[in-house]
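K.L.:
Residue-level listing of the chains:
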Amino acid sequence: MSAHHPDDLTLLDYSAGSLGLAQALAVSVHLGYCNQCQSQLRKLNALGGVLLEETTPASVGANDDQIPEQNHSQMEELNKSFEALMARIESEPVEPPKRESTGFHNPLERYLPASLDELNWQQQTREIAKFDLTNVVDMGSARVALQKIKAGAKVPVHTHRGNELTVVLKGGFSDELGVYHAGDYIARDPSHKHSPTALQNEDCVCLTVLDAPMKFTGPLMRWLNPLFAWRA
Amino acid sequence: MLRTKAQSMSNTSSANGDGPDWGELLAQVAHKGDTMAFRKVYAHFAPRIKAYAINQGMHQQAEELVQEVMTSVWRNADKYCGSLASASTWIFTITRNQRIDLLRKKGRTSKEITVDTEELWQIPTEDTTIRSIQAMSTEKRMRESIGELPEEQMIAVRKVYYEGKTHQEVAEELNVPLGTLKGRLRLSMKKLRVMLEAAEL
Ligand SMILES: [Zn+2]
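In order, the protein sequence lines correspond to chains P and F.
Residue numbers for the first sequence follow the numbering used here, so the first one is -8 and each next one is one higher.
Residue numbers for the second sequence follow the numbering used here, so the first one is 305 and each next one is one higher.
Hints in this document: simulated from the structure, not taken from any laboratory.
Glycine included, C-beta positions come from ideal geometry on N, C-alpha and C.
Treat the hints with caution; some may be incorrect.
Quick look at which bits of chain P chain F covers, simulated, 3 or more residues with Cβ under 8 Å [to be verified]:
| no. | region |
| --- | --- |
| 1 | 34 to 42 |
| 2 | 97 to 106 |
| 3 | 114 to 122 |
Please model the complete structure; the sequences and the hints are all you need to start from.
P.N.:
Rendered as structure tokens:
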């Protein structure tokens, strides 16, 4: 069970489908670990379902600029578009089903060339290694990497140009603000100086997502919510 | 483009138990390839999916989105899990994912691997949580709870969900500071959570 979660607005944007791809990756990884966020997401999706149900229907088949003269022709257009769809479905080959998965799982599983232990890690220092995914996966302009810190090792104090999202995949670490374990989702904005230290018992592996430097609308937002203003 | 509260209250649908049982119709599609059942699902949802696309500013691709979503509904009807989501919620999640997919196709780069949208926005097919709440009642309560939100919070939520706008864009459109908009969204999330939890007890 995780103790650190994406905030309400992040889950709202995720459910609405307006979150960036790299951020969605981080949320999706976290969901695999967190029943609480799964349950919250279900509610948010239900909100989407209600909004879909209650929307004023648009006429299907007809051109948008063509105002349907009467209900009858609207029904006709709808029927025609249905027949067209069925014809298309029957003519198209059915794609073989993709890997079956019934619940939330780590979306990276399918894309990593090897297991976490067997990855071709690039050693940054004696204690820190990196597996860069930025040029491998299609994630827009964000930088995506896995990071491995040796058990007990300390990462030098650093700041970030952009906002940093971290999801712990294995082991854990601590910094000035808390202690984090597998599944925890941590958002940090550029104002943050931090020096994470891996927990003693095992190497710590994290997914890190760094977005491009962003415009801030003013100091107020950061003052209001210094921890989670990463999408401000 | 939403109906007013009064209209939505009188609107009878599956979530209220009065309309067609969409879950049952989807089951007929899944098990018997029942075209008649699918036609009913199509007649109800296709015009709503199209309205969603138009609200999202996708006029040009609105028909394409409808066809993609309904094709997916036909092919994946057996994956619909009634205890996880109501039919309209399930179809909403498919619609959302297909919309993201269409937008991603436009901006494809030459990177080696494309992580599938369905991996980033997963739709579980089995209820794996310990505490299972009936999806129908979740949606019914959500419908009631939304009705209780103050107008300005409702408008903010609707714009984020339904018009695919960023917080910045919504704030500009409503002519309020970004912080105010975020405050409204946070409050609405908190209220919905409290109302739903109260109903679950
Ligand atoms: Zn969580």
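K.L.:
All hints, please: hold or fail.
P.N.:
Results for each hint:
| no. | hint | verdict |
| --- | --- | --- |
| 1 | 34 to 42 | holds (count 8) |
| 2 | 97 to 106 | holds (count 3) |
| 3 | 114 to 122 | violated (count 0) |
Against the hints set out earlier in the document, a violation occurs for number 3 only.
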